[in-house]
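Q: Now for the letters of each chain:
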Amino acid sequence: MSPILDRYLTAVKFWLPKSQRDDIAAELAANLQSEIEDRAETLGRPLNEAEIAAILKQHGPPIIVASRYRGEQRTVSFGRQLIGPIVFPFYWIALKVSLLLMFVPRFISAVFLHGDGRTISEFVRALAQVARISLPALLVVTGIFALIDLNLRRFGLLEKWSANWDPNKLPPPERQKKEVKRSSSIGGIIFTSLFLLWWMRYASIPLLVITKAGTQVHFAPILSSLYWPILIVLFISLAQHWINLLEPGWRWLPPLTGIITTLAGLIIIYPLLKHPDLITITDANGLAISKGGSAGLHHLVSKGLLGLALGMLIVGTIYAWQLLWIVWQSFSRPPAAPNGKGIALI
Amino acid sequence: MATQPNSDIFDNLRLELRRGLLIVAVLAQLRREHYGYTLRKDLAALGIDIDEGTLYPLLRRLETQGLLESEWREENNRQKRFYKLSKDGRHILKQLLAELDQINASLTRII
Numbered sequence: 002m003s004p005i006l007d008r009y010l011t012a013v014k015f016w017l018p019k020s021q022r023d024d025i026a027a028e029l030a031a032n033l034q035s036e037i038e039d040r041a042e043t044l045g046r047p048l049n050e051a052e053i054a055a056i057l058k059q060h061g062p063p064i065i066v067a068s069r070y071r072g073e074q075r076t077v078s079f080g081r082q083l084i085g086p087i088v089f090p091f092y093w094i095a096l097k098v099s100l101l102l103m104f105v106p107r108f109i110s111a112v113f114l115h116g117d118g119r120t121i122s123e124f125v126r127a128l129a130q131v132a133r134i135s136l137p138a139l140l141v142v143t144g145i146f147a148l149i150d151l152n153l154r155r156f157g158l159l160e161k162w163s164a165n166w167d168p169n170k171l172p173p174p175e176r177q178k179k180e181v182k183r184s185s186s187i188g189g190i191i192f193t194s195l196f197l198l199w200w201m202r203y204a205s206i207p208l209l210v211i212t213k214a215g216t217q218v219h220f221a222p223i224l225s226s227l228y229w230p231i232l233i234v235l236f237i238s239l240a241q242h243w244i245n246l247l248e249p250g251w252r253w254l255p256p257l258t259g260i261i262t263t264l265a266g267l268i269i270i271y272p273l274l275k276h277p278d279l280i281t282i283t284d285a286n287g288l289a290i291s292k293g294g295s296a297g298l299h300h301l302v303s304k305g306l307l308g309l310a311l312g313m314l315i316v317g318t319i320y321a322w323q324l325l326w327i328v329w330q331s332f333s334r335p336p337a338a339p340n341g342k343g344i345a346l347i
Numbered sequence: 062m063a064t065q066p067n068s069d070i071f072d073n074l075r076l077e078l079r080r081g082l083l084i085v086a087v088l089a090q091l092r093r094e095h096y097g098y099t100l101r102k103d104l105a106a107l108g109i110d111i112d113e114g115t116l117y118p119l120l121r122r123l124e125t126q127g128l129l130e131s132e133w134r135e136e137n138n139r140q141k142r143f144y145k146l147s148k149d150g151r152h153i154l155k156q157l158l159a160e161l162d163q164i165n166a167s168l169t170r171i172i
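In order, the protein sequences belong to chains Y and U. Using my numbering, the letters of the first sequence map in sequence onto residues 2 to 347. Using my numbering, the letters of the second sequence map in sequence onto residues 62 to 172.
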C-alpha cells in the first residue's frame, strides 16, 4: 500500500467508532486502491505519491470522511437548524460533561440528604429544583455550540478548510498512534472550560438548593483563599489541552503538566484536610444549620477529599513514570527513516 | 434583508432534487452486484455522477436499512465488499419506480 494512502487510512480510522473502524477502513482501502489502479491503468504507469495525494484530497479530509461514515443524522433544531450533524457529536460530549458537572453532584447530595427525615414529596421537589438549577447551564452549552455551527456555515469555514487541506501533511501511522489523541484534547478542553466557568462563579452559586424551604449547601470560606491557586491550575491544564490539540506530537506535555498540576493540587488540598468544616449549610435566611443535622454530609466531604488526595498522589506517580518512559524512549531509539517520495508502492 | 445569490439557490434546490433520485439510481444499479468503486464508475458512465464521499457511506446506510446485502470476496488478489439489492430492497425499488413514473407523468402534464 502506498505510504500516503496508509497515512490517510490511519487518520480516517482515528475518527471512526471503534466497533466499525476496521471494517470501514478495509472497505475504503479497497475502493481507493481500485481507483488508484484504474487511474494507473489509464496512464499506463504507476501513480506517484503526488497523484495519489490528489485522489485523497478529492476524497476529503479524514474527519469529514469519517463523519459521513458515522452517519450522524442528529441535529438540534428550534424552528430552524441550530446545530448540524458535523458539530453535533462535539456538542453531545459537552452536554454530557456539563450534566456530569452540574447535575450529578447536586443529585448525589439530594439523595444523601434525603436521610434526615424528609418526606418523599419533599425529596421529589428537591430533585425538581436540582433540574431547574442545572437547566440554564445546559442552555448556555447549547447556545455556544449553535454559535459555532452558525459561524461554520455563514463563513463556509469547513469548505475553506477542506479546500486547503493537504494529505501530504498527514503524519506517518506509527507517529499518529503515539500522538496525544485529539478526542482526549477536545474532551479535556470541554471538561476544563466548564469546570473553570463553574469555579469562577462558585462563590455566588450554591452547590445545591435542597428543599422548598431554601436550604443551601455552600463551600466554607476557607476555599475563598484557594480561589486563585485553583484558577491558575485550571488555566495551566486548559493551555496544555489546547497546545496538544495543535501539537499532538508533544507527548511529553500531558505528563509534565500532570505532574505540575497534581503537585499543586496536593499543596492546595493539604490545609483542607485539617479543616473540619469544608461546607456550610444555610437555611432560606442564610443562617447556618447546626453541624449535627448534617454530620453525614460533612463526613462524606472529608472522606472524599482524603480519597482525592490519595488519588492525586497515585496519578502524579503515574505521570512521573510516563514522562520518564517518554524521555528514555527518545534517547534510546534511532530516528525513523524518512518515507520515500515519488514511488508508487501499491 | 440580504438575498442569497442565484447560484446558491440553484445549488441547494439541485441538491434536494438529486438526493432522492440518487438513491433510486443506486438501488436500480445494484440489481446487479457491485463493489463501491465499480458502482461509482458505472453510474458515472450512465450520467449519474456521485461523489465517493456520498456514495460509499450511502451503501452502508442502505444495508443497515435492509435494502442491500453485502459480502466480502476476493477479486484480483484483493478483498472487496460486494453489494446487491436484497429482497426488501427489490420491493422498495419497485414502489419507488412506480412513484417516480407517476411524478414524471404529472410533471410532464404541468410543464
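It is possible that part of the hints are untrue.
[Unchecked claim] Simulated restraints, written as ranges between beta carbons of each label pair:
#1 170/U to 194/Y: 55 to 63 Å
#2 114/U to 38/Y: 17 to 25 Å
#3 166/U to 136/Y: 49 to 57 Å
#4 244/Y to 164/U: 51 to 59 Å
#5 134/U to 140/Y: 50 to 58 Å
#6 152/Y to 110/U: 37 to 45 Å
#7 124/U to 2/Y: 19 to 27 Å
[Claimed, not checked] EDC-like, lysine to aspartate or glutamate: derived pairs with alpha carbons at most 20 Å apart:
#8 170/Y to 180/Y
#9 161/Y to 69/U
#10 102/U to 38/Y
#11 14/Y to 130/U
#12 58/Y to 112/U
#13 102/U to 113/U
#14 161/Y to 112/U
#15 58/Y to 69/U
#16 161/Y to 72/U
#17 148/U to 130/U
#18 102/U to 52/Y
#19 102/U to 42/Y
#20 102/U to 39/Y
#21 145/U to 24/Y
Treat the hints as calculated values from the structure; they're not laboratory data. Think of the CB as a built atom: it goes at the ideal place given N, C-alpha and C, for glycine as much as any other residue.
Q: Hints first: check each against the structure and report whether it holds.
A: Consistency of the hints with the structure:
no. : hint                       : in the structure
1   : 170/U to 194/Y: 55 to 63 Å : 59 Å, holds
2   : 114/U to 38/Y: 17 to 25 Å  : 20 Å, holds
3   : 166/U to 136/Y: 49 to 57 Å : 53 Å, holds
4   : 244/Y to 164/U: 51 to 59 Å : 56 Å, holds
5   : 134/U to 140/Y: 50 to 58 Å : 52 Å, holds
6   : 152/Y to 110/U: 37 to 45 Å : 31 Å, violated
7   : 124/U to 2/Y: 19 to 27 Å   : 25 Å, holds
8   : 170/Y to 180/Y             : 15 Å, holds
9   : 161/Y to 69/U              : 16 Å, holds
10  : 102/U to 38/Y              : 13 Å, holds
11  : 14/Y to 130/U              : 24 Å, violated
12  : 58/Y to 112/U              : 13 Å, holds
13  : 102/U to 113/U             : 10 Å, holds
14  : 161/Y to 112/U             : 18 Å, holds
15  : 58/Y to 69/U               : 24 Å, violated
16  : 161/Y to 72/U              : 17 Å, holds
17  : 148/U to 130/U             : 9 Å, holds
18  : 102/U to 52/Y              : 19 Å, holds
19  : 102/U to 42/Y              : 14 Å, holds
20  : 102/U to 39/Y              : 10 Å, holds
21  : 145/U to 24/Y              : 18 Å, holds
In terms of the numbered hints stated before, the structure departs from hints 6, 11, 15, listed from lowest to highest.
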